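Undergrad: Please model the complete structure; the sequences and the hints are all you need to start from.
In order, the protein sequences belong to chains P and B.
Residue numbering for the first sequence follows my numbering, starting at 1 and increasing by one per position.
Residue numbering for the second sequence follows my numbering, starting at 1001 and increasing by one per position.
The set of hints was computed from the structure by calculation and includes no laboratory data.
Note that the structure is predicted; figures quoted are calculated from it, not measured.
Fair warning: there could be bad hints in the mix.
Distance condition first, Cα-Cα at most 25 Å in a straight line; then the derived DSS-like pairs of lysine-lysine [to be verified]:
no.	chain 1	residue 1	chain 2	residue 2
1	P	Lys262	P	Lys6
2	B	Lys1063	P	Lys262
3	P	Lys262	B	Lys1079
4	B	Lys1114	P	Lys6
5	B	Lys1109	P	Lys6
6	B	Lys1135	B	Lys1109
Listed below, chain by chain, are the residues.
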Amino acid sequence: MTELLKANIWADVTFYRRSKLLLAFMLVFLLLTALQSLPPLFMDSGVQSFNALQQIVADLNFFLLILAGGMGLLVISSHLRNRSLKMVFTKPCPPEVWLLSAYLSAAAMSLFLNLVVLGSGVLLSVLWRVPVRMGLVFVSAETFVVSLGLIGYLMLLATVMHPALAAIVAVIFNADLFYQFDVWTKAAIRSGNSSMALRMVERLFQGLYILLPMVYPFDKQTENIHTSLRVMRGEWKYLLFSLGYTLALSAFCYCVSLFALKRKNHI
Amino acid sequence: MIVAEDVGVHFRTGLFGHRVRALDGLTLEVRDGDFFALVGQNGAGKSTAMYCFLGLLRPTSGKVQLMGQSPELGARLYKNVAYLPEEPHYHLYLTVEEATRYYSSLYGKRVSDKAINDSLERLGLAQFKKLPLSKCSKGMKQKVGIAQCLIHEPQVLFLDEPTRGLDPLIVREFRETLREIHKRGATIVMNSHVLSEVEMLANRVAIIDRGKVVVQDELHNLLTLNQELYRIVFEENGVVPDYLTAVERSGHLVRALLPKARLCDFLEQVRTSGMSLHECSLKKTSLEESFFNLVKGETTLPENGAREVGDREIGVS
Chain P
1 MTELLKANIW ADVTFYRRSK LLLAFMLVFL LLTALQSLPP LFMDSGVQSF NALQQIVADL
61 NFFLLILAGG MGLLVISSHL RNRSLKMVFT KPCPPEVWLL SAYLSAAAMS LFLNLVVLGS
121 GVLLSVLWRV PVRMGLVFVS AETFVVSLGL IGYLMLLATV MHPALAAIVA VIFNADLFYQ
181 FDVWTKAAIR SGNSSMALRM VERLFQGLYI LLPMVYPFDK QTENIHTSLR VMRGEWKYLL
241 FSLGYTLALS AFCYCVSLFA LKRKNHI
Chain B
1001 MIVAEDVGVH FRTGLFGHRV RALDGLTLEV RDGDFFALVG QNGAGKSTAM YCFLGLLRPT
1061 SGKVQLMGQS PELGARLYKN VAYLPEEPHY HLYLTVEEAT RYYSSLYGKR VSDKAINDSL
1121 ERLGLAQFKK LPLSKCSKGM KQKVGIAQCL IHEPQVLFLD EPTRGLDPLI VREFRETLRE
1181 IHKRGATIVM NSHVLSEVEM LANRVAIIDR GKVVVQDELH NLLTLNQELY RIVFEENGVV
1241 PDYLTAVERS GHLVRALLPK ARLCDFLEQV RTSGMSLHEC SLKKTSLEES FFNLVKGETT
1301 LPENGAREVG DREIGVS
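TA: Written out as structure tokens, the structure reads:
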């Protein structure tokens, strides 16, 4: 089991390292971040430097979330579309192990990149003489935790549908969209339009909002940390709550993906 | 070893889910230690049958058993199984060496560098071991497939068009290796269009046509299948029976083909006339001829017979 996990994780990490798509995405984003970090070099104000740092950290973490989701999507869709899984499943390596390895490898890559971003944040703080705040650690840890859920969710989507469709579902048809729709329909009902159709649509949007995974389940509670990069003592618990949510989501996505993977014909 | 009972596979294609039958009641048995060849035209269902044996494709109907178990993806029974796919659907981002190591390590055992290097050396891949598979030719990918197949000395080998795209030298060496593995007691199931190769290697053959096994039997039975003719050589003694065909004379010797039904008459004539009979043998055909006759329906098979030819119970499944 350990040998199998190691072999698969190694192969998947090699896949990420050599994926031109991921590499191009990373380079573009790093270039943009580098350009963004130029102006503060010519600023004397500590506030301006902090604002720039906060913005760069926010951008990089957002980028890491997209990259983590992308890794989850690509690792599944690429192997399914290349039909290379027939080489794996005709050996004593069950889909359970392969899928777990894919998840763990994406998680490991995400952890590594989060550490790099955290290191960059600390380095920029030192360079720009901005106090190093614990918020940097919190934001990085939260991004990593959230990315675990995203990896699982995108892996599930990639298993059951075409990767392009999976990306559209993840980016557009997500919980936020249906939350907005739910708010609009509720507002329409409150303003007097209480037709049966509108009530049904409202229920549908509400159901979809509840069903679809949230990216930041405790975003309201941690909003201040992202802007101030300060963490109060009682706020660390949200990290644990997020971890609990994301692990439950990942476990659910893993089980559904596994079921779908086993149902597929790998020919 | 491998039993397929009345296996049917239907695919749905197109917008309206039109059903295409890939296998239609395929029934066959591969015995322990067989070198079993599946032959048939393109689209006959050979690869589909192999996918079913390996658990990569779940049959729509019927039952498949591999080593007494229903084949499941990545099951423990694959510890002794190796598979060489027809198309090089490999992990193309890996190099030749990495891919060989990765596929070998999926058996859950550590593979030494020496074993990997020896295997690559043997197949002439040593100088290309750092080359990504995406940049390899089809033949090189096929060699990687062979390397990963042979590294663990499997008990059961599934080979789907194994020599396709290989250079003649490697083909020869590969055939020798297969013979060695078979001699060691391994069971080999091979799909091939190259009937001469099947004739060289296999001991049992199943001919598949439109998703059904037309016939399965020992190779030597298939080579004499439906042969109604004997090849005879005798010294002419004035009379050449009129039921002989393809008569060729060279000096006193006559070569001809004798219908099986007239064998007794001819032998009686030899006895009474004092003719000198030099040779009388059942006319052998190539597997290609047998295949052609069976698939084109030029060989008549009893309607209610079983599939085994060896028992003289030839039949259409």
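Undergrad: All the hints need checking, so say for each whether the structure fits it.
TA: Results for each hint:
For the proposed pair Lys262/P and Lys6/P, the alpha carbon gap of about 22 Å is at most 25 Å, so the pair holds. Restraint check for Lys1063/B and Lys262/P: the C-alpha separation of about 18 Å stays at or below 25 Å, so the hint holds. Taking the CA atoms of Lys262/P and Lys1079/B, the gap is near 19 Å; set against the 25 Å cutoff, the hint holds. Between Lys1114/B and Lys6/P the CA atoms are separated by roughly 20 Å; this keeps the pair inside 25 Å, and the hint holds.
A hinted pair counts as satisfied when its Cα atoms are at most 25 Å apart, and Lys1109/B with Lys6/P qualifies at roughly 12 Å. A C-alpha spacing of about 28 Å is found between Lys1135/B and Lys1109/B, which places the hinted pair above 25 Å, so the restraint is violated.
Of the numbered hints listed earlier, the single one contradicted by the structure is hint 6.
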